[in-house]
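Visitor: Each chain, written out:
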Amino acid sequence: EAAVTQSPRNKVAVTGGKVTLSCNQTNNHNNMYWYRQDTGHGLRLIHYSYGAGSTEKGDIPDGYKASRPSQENFSLILELATPSQTSVYFCASGDEGASNERLFFGHGTKLSVL
Amino acid sequence: AQKVTQTQTSISVVEKTTVTMDCVYETRDSSYFLFWYKQTASGEIVFLIRQDSYKKENATVGHYSLNFQKPKSSIGLIITATQIEDSAVYFCAMRGSGSFNKLTFGAGTRLAVCP
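Those sequence lines, one after another, are chains Y and B. In terms of the numbering used here, the numbers along the first sequence are unbroken and rise by one, the last being 114. In terms of the numbering used here, the numbers along the second sequence are unbroken and rise by one, the last being 115.
Bound conformation, chain Y alone:
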């Protein structure tokens, strides 16, 4: 079964601090994604990647950076965290265009910025 693992599961950060959310997938998927989930907005795409070394901006990239050092790992970085970034963050992997195209999600990271 495809697996996407996020760490940490919960994080409390201070305003202005740096936060790194990590994601690891064992699916050998080329594409990886970072979403945030907020009430009333569903899942919104922050950054995504087509493979190691690539990162692309999603729909709401401001205040976030991403890093894809390898096929398996994709990180989301908040250089200067703000309270508005308090949310639940989901990482996902998948291959677009495949006949069985679908996303596999991690269990989410709950981030609180105080």
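Since the hints were made in silico from the structure, they are not lab data. On a predicted model such as this, the values are computed, not experimentally measured, just so you know. All clues stand as given, with none of them false.
Okay, derived cross-link-like pairs now, DSSO-like style, lysine-lysine, Cα gap no bigger than 30 Å in a straight line:
1. B:56 - B:16
2. B:102 - Y:110
3. B:3 - Y:65
Chain Y residues, not near chain B, derived (Cβ > 12 Å throughout):
4. 14
5. 84
6. 86
With the Cβ distance kept under 10 Å, some of the chain Y side facing chain B (calculated, not the full set):
7. 40
8. 56
9. 58
10. 106
By construction, the Cβ of each residue, glycine as well, lies at the ideal position given by its N, Cα and C atoms.
Take the given structure of chain Y and dock chain B to it, following the hints.
Guide: Below, chain B alone, put in the same frame as chain Y:
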């Protein structure tokens, strides 16, 4: 730009009945892909079912089926013989066929299945 709208915020049904959740979408692409995902109470998000826009037959997987009405840009999710464990938040999503089109999600519909 793509847009997905789920107007039903929450639905409550009695166990073993049938429920339909609505979803409408906007896209300029002539070819696109539509998905439904389920988020359980634990927060886990799983893929349920998919409809490709060029297919006329409605997709069916287990007790999930789709009501694809292309002229209305609508893709409803139908759950028959609902079970308590179907209680969850259901997200509709779409992706245009263009290279740079990513998956766009609706806001979700919370389903409560009561005994």
